[in-house]
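Protein chains: 2
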Amino acid sequence: MQKVPRYLEKLTPVEEAVKAIMEAVKPVAEEELVDTWTAVGRVLSRDVVAAYDFPPRPRSAYDGYAVRSGDTPGRLRLLGEATIGRVDVEYRVEPGTAVYVSTGAYLPDGADTVVPEEKARRENGYIIVEKHYPPGKNLDPVGAYARRGQVLLPKGYVVTMLDAVGLLDVAVTRIYVYRRVRLAMILTGNEIFELRNPMEAEERVLRGEVVESTGRLIEWAIRRYTPWVEVLGRVLLPDDVDTIAWYVTRQFRNADVIVMTGGSGPSTVDTFYQLAERLGGRVLFRGLYVKGGRPTSALKLDKGPLLIVLSGHPISALHGFVRVLYPVLKYLGNVVRAAEPPAFAYAVLEEGGEYKRPQPVKVKLILRDGVLYAKPLPGERQLSSVTVSNVEADGIALVEGRRYNAGERVPVIVYREPSTG
Amino acid sequence: MQKVPRYLEKLTPVEEAVKAIMEAVKPVAEEELVDTWTAVGRVLSRDVVAAYDFPPRPRSAYDGYAVRSGDTPGRLRLLGEATIGRVDVEYRVEPGTAVYVSTGAYLPDGADTVVPEEKARRENGYIIVEKHYPPGKNLDPVGAYARRGQVLLPKGYVVTMLDAVGLLDVAVTRIYVYRRVRLAMILTGNEIFELRNPMEAEERVLRGEVVESTGRLIEWAIRRYTPWVEVLGRVLLPDDVDTIAWYVTRQFRNADVIVMTGGSGPSTVDTFYQLAERLGGRVLFRGLYVKGGRPTSALKLDKGPLLIVLSGHPISALHGFVRVLYPVLKYLGNVVRAAEPPAFAYAVLEEGGEYKRPQPVKVKLILRDGVLYAKPLPGERQLSSVTVSNVEADGIALVEGRRYNAGERVPVIVYREPSTG
Chain W
137 MQKVPRYLEK
147 LTPVEEAVKA
157 IMEAVKPVAE
167 EELVDTWTAV
177 GRVLSRDVVA
187 AYDFPPRPRS
197 AYDGYAVRSG
207 DTPGRLRLLG
217 EATIGRVDVE
227 YRVEPGTAVY
237 VSTGAYLPDG
247 ADTVVPEEKA
257 RRENGYIIVE
267 KHYPPGKNLD
277 PVGAYARRGQ
287 VLLPKGYVVT
297 MLDAVGLLDV
307 AVTRIYVYRR
317 VRLAMILTGN
327 EIFELRNPME
337 AEERVLRGEV
347 VESTGRLIEW
357 AIRRYTPWVE
367 VLGRVLLPDD
377 VDTIAWYVTR
387 QFRNADVIVM
397 TGGSGPSTVD
407 TFYQLAERLG
417 GRVLFRGLYV
427 KGGRPTSALK
437 LDKGPLLIVL
447 SGHPISALHG
457 FVRVLYPVLK
467 YLGNVVRAAE
477 PPAFAYAVLE
487 EGGEYKRPQP
497 VKVKLILRDG
507 VLYAKPLPGE
517 RQLSSVTVSN
527 VEADGIALVE
537 GRRYNAGERV
547 PVIVYREPST
557 G
Chain V
137 MQKVPRYLEK
147 LTPVEEAVKA
157 IMEAVKPVAE
167 EELVDTWTAV
177 GRVLSRDVVA
187 AYDFPPRPRS
197 AYDGYAVRSG
207 DTPGRLRLLG
217 EATIGRVDVE
227 YRVEPGTAVY
237 VSTGAYLPDG
247 ADTVVPEEKA
257 RRENGYIIVE
267 KHYPPGKNLD
277 PVGAYARRGQ
287 VLLPKGYVVT
297 MLDAVGLLDV
307 AVTRIYVYRR
317 VRLAMILTGN
327 EIFELRNPME
337 AEERVLRGEV
347 VESTGRLIEW
357 AIRRYTPWVE
367 VLGRVLLPDD
377 VDTIAWYVTR
387 QFRNADVIVM
397 TGGSGPSTVD
407 TFYQLAERLG
417 GRVLFRGLYV
427 KGGRPTSALK
437 LDKGPLLIVL
447 SGHPISALHG
457 FVRVLYPVLK
467 YLGNVVRAAE
477 PPAFAYAVLE
487 EGGEYKRPQP
497 VKVKLILRDG
507 VLYAKPLPGE
517 RQLSSVTVSN
527 VEADGIALVE
537 GRRYNAGERV
547 PVIVYREPST
557 G
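Protein chains in written order, with the numbering used here: chain W, 137 to 557; chain V, 137 to 557.
Hints were generated in silico from the structure; no laboratory data involved.
The reader is advised that the hints may include incorrect statements.
The list treats identical chains as interchangeable, and a pair is accepted whether it falls inside one copy or across any two copies.
To be verified - Calculated pairs, DSS-like style, for lysine-lysine (alpha carbon to alpha carbon, straight line, at most 27 Å): (1) 255 to 511; (2) 291 to 492; (3) 439 to 492; (4) 267 to 439; (5) 273 to 155; (6) 436 to 267; (7) 255 to 492; (8) 273 to 492; (9) 291 to 511; (10) 146 to 255; (11) 291 to 146; (12) 255 to 439; (13) 511 to 436; (14) 511 to 500; (15) 427 to 273; (16) 267 to 492; (17) 273 to 291.
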């Protein structure tokens, strides 16, 4: 029988743990120039600066008629149409004439104002304009949306889908971004297996084996919340230090971070220390001062990647992700401001409680008059390692280690539409 | 020059528009049996019911020693180890003996209680237990997580990643779900082009052409918020009714919904009516009573798909998505409760304002003491068709057509991490 190692003796507080990692690793430095769609989810390595005044020529802000202000009011001959996307404006608005323009179309030369379509009457190839339109009316002047040299999106920001749409509109088609943070996943545990054959899997679970789900959940969280990270690979391995070490040194040596699940519990073979000894590395911390994710640990390999170990239990691993891995991936990726973080919604606690350590708390969510309320599941279900209680919950609140009163606000990972009333 | 059709004469209120569509179409009826990972994002077509009591045998809730209650306190001979995932427990706990168990492991026969590892002393193949442990202590009894027949997740719920993890833990490996809603996208506009060559694209945008971004944004929103929808295809077409009709009838005839962007504005060729006439269909509504997304319209083709037209402008199209397409896709997909909806975070308005119609308002988001505040961008930037103002904003608030006072709460699509303080 194997020697059972001693229990984790010192648990490191979250802030200290994150700080220890940040001191041991450096953010990604390499940058690349990519097209604007490819930049979505990536981190800007330089400010995005407008290269031009945009629009470069005045643009109509309405569907209507481009005319000369001096001609209004009046009866004007309609020359034709200058719709958005016309490469060249074919018409010149001479005195006494008008050109139909659609919203966003460049104004034809000669015109200096726009009469909205519904304000003019049409009559046999002419339009009748009843009142005076001053120059510059109903149009966007040169530089209305962007001025040459203006910072459109600052360095360190994650480019969101909406940013990309906005930048393309003002002719920003290429963007400098940091290369993605390279991450690999090693999921360990003799008892885990990948779901391939559902019927066989059912039997195996009933017999005591476990479908690998922790790694899947963490990979999902990485793709969802840290799109600037590239998942190089994801492998299931038995609790065997030789095999794990081989993977670390032969397969994933170019990763910035290796995330390992399992292998760090108090009573399993302590893969963690053995790896540190075998590969030459520095233990940054060993065990996190939290409830749910206590085995979370970190190791910096000499001339090798950072190794972060998360709990083998899904909810506890997710807690480790939110508390440690997420801030570390932001740091490695040079992120100043991300897209939606995992827990940006705040909910009002419907019940107080005493929490000894930072912990994830499964909650039912209720939306009432625009306020989100969170009702913690009964104690033993808040953090059950068997996670069926997820289906009773809609989110995971993140509490700190202290007493909470009903009515206090807590950040929540919302994974289901809250119920109402 | 083309005949310019008259302006939209009647705008339909949002609720009426959604109702008109729901009356014209039927939700998906077909179901399929898929594995639990595949079910993520899909809609349950039946309740998920536990087929077994789970765990089927008592499981240890701690790393510790499985013993007989009657033997405690006492000195017990350690027989070996029964770790999680062992297919068969090899040891039987006879009087005077103990077996090491890890958290989640099935209890060996004979044992009826668990002594946590740190509460026992180990001594030459024996353990010393100092106090009495009653039967059932530190273990999860049969059926603790799921009872045979129990509804684990009800019909109509979207299966979230966390649900899947929980269900796999109790041996639910196959799930009945509705087939996905089939959606195709037709993006129209003579002026739009797909971003392929960034340098050339920059020049073309400066000359007045437009990079296709509305369809990309809507496709992103569909994948993000309605994962039960399958995007069959996405095609750019010129403003040509014949071509569009060919696509509708030849390529996308099996879609449940065709989403078209552009082609429904007041002054372009009215593709919409022409399609209805050509293909035989019923106009459900033509123009939405909103600001930003006014051209939103719907058409039910005879024996053909539902056609929903969104604005050609990205933010307006997104508004149409949130107000009309999202509820319709929920209805078509049989969704009772979705995962995170597009706008479940509510923010406190920092400034009041008068809004004539329902409208998207770009906002800066600030998080202070767990309360999210939204500061609307200056009037002309709230809904600019040129969307560079997105980069000044972090979210899009959805307001109704009425006066708002500072301090009122509004739902927000959050697309960037809120700033603090």
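Right, here's what the structure says about each hint:
1. 255 to 511: neither (56 Å within a copy, 34 Å between copies)
2. 291 to 492: Neither. Shortest intra-copy (39 Å) and inter-copy (37 Å) distances fail the 27 Å Cα cut-off.
3. 439 to 492: Neither. Shortest intra-copy (38 Å) and inter-copy (62 Å) distances fail the 27 Å Cα cut-off.
4. 267 to 439: neither (76 Å within a copy, 50 Å between copies)
5. 273 to 155: Classified as neither; 56 Å inside a copy, 39 Å across copies.
6. 436 to 267: So residue 436 and residue 267 fail the 27 Å test inside a copy (75 Å) and across (42 Å) alike.
7. 255 to 492: between (69 Å within a copy, 20 Å between copies)
8. 273 to 492: For residue 273 and residue 492, the Cα distance is within 27 Å only across copies (22 Å; inside one copy 64 Å).
9. 291 to 511: Classified as between; 23 Å across copies, 39 Å inside a copy.
10. 146 to 255: between (76 Å within a copy, 18 Å between copies)
11. 291 to 146: The answer is neither: 39 Å in one copy and 46 Å across copies each exceed 27 Å.
12. 255 to 439: neither (72 Å within a copy, 41 Å between copies)
13. 511 to 436: Answer is neither: 40 Å inside a copy and 43 Å across each miss the 27 Å cutoff.
14. 511 to 500: within (5 Å within a copy, 29 Å between copies)
15. 427 to 273: between (63 Å within a copy, 21 Å between copies)
16. 267 to 492: Answer is between; shortest inter-copy Cα gap is 26 Å, intra-copy 73 Å.
17. 273 to 291: neither (36 Å within a copy, 56 Å between copies)
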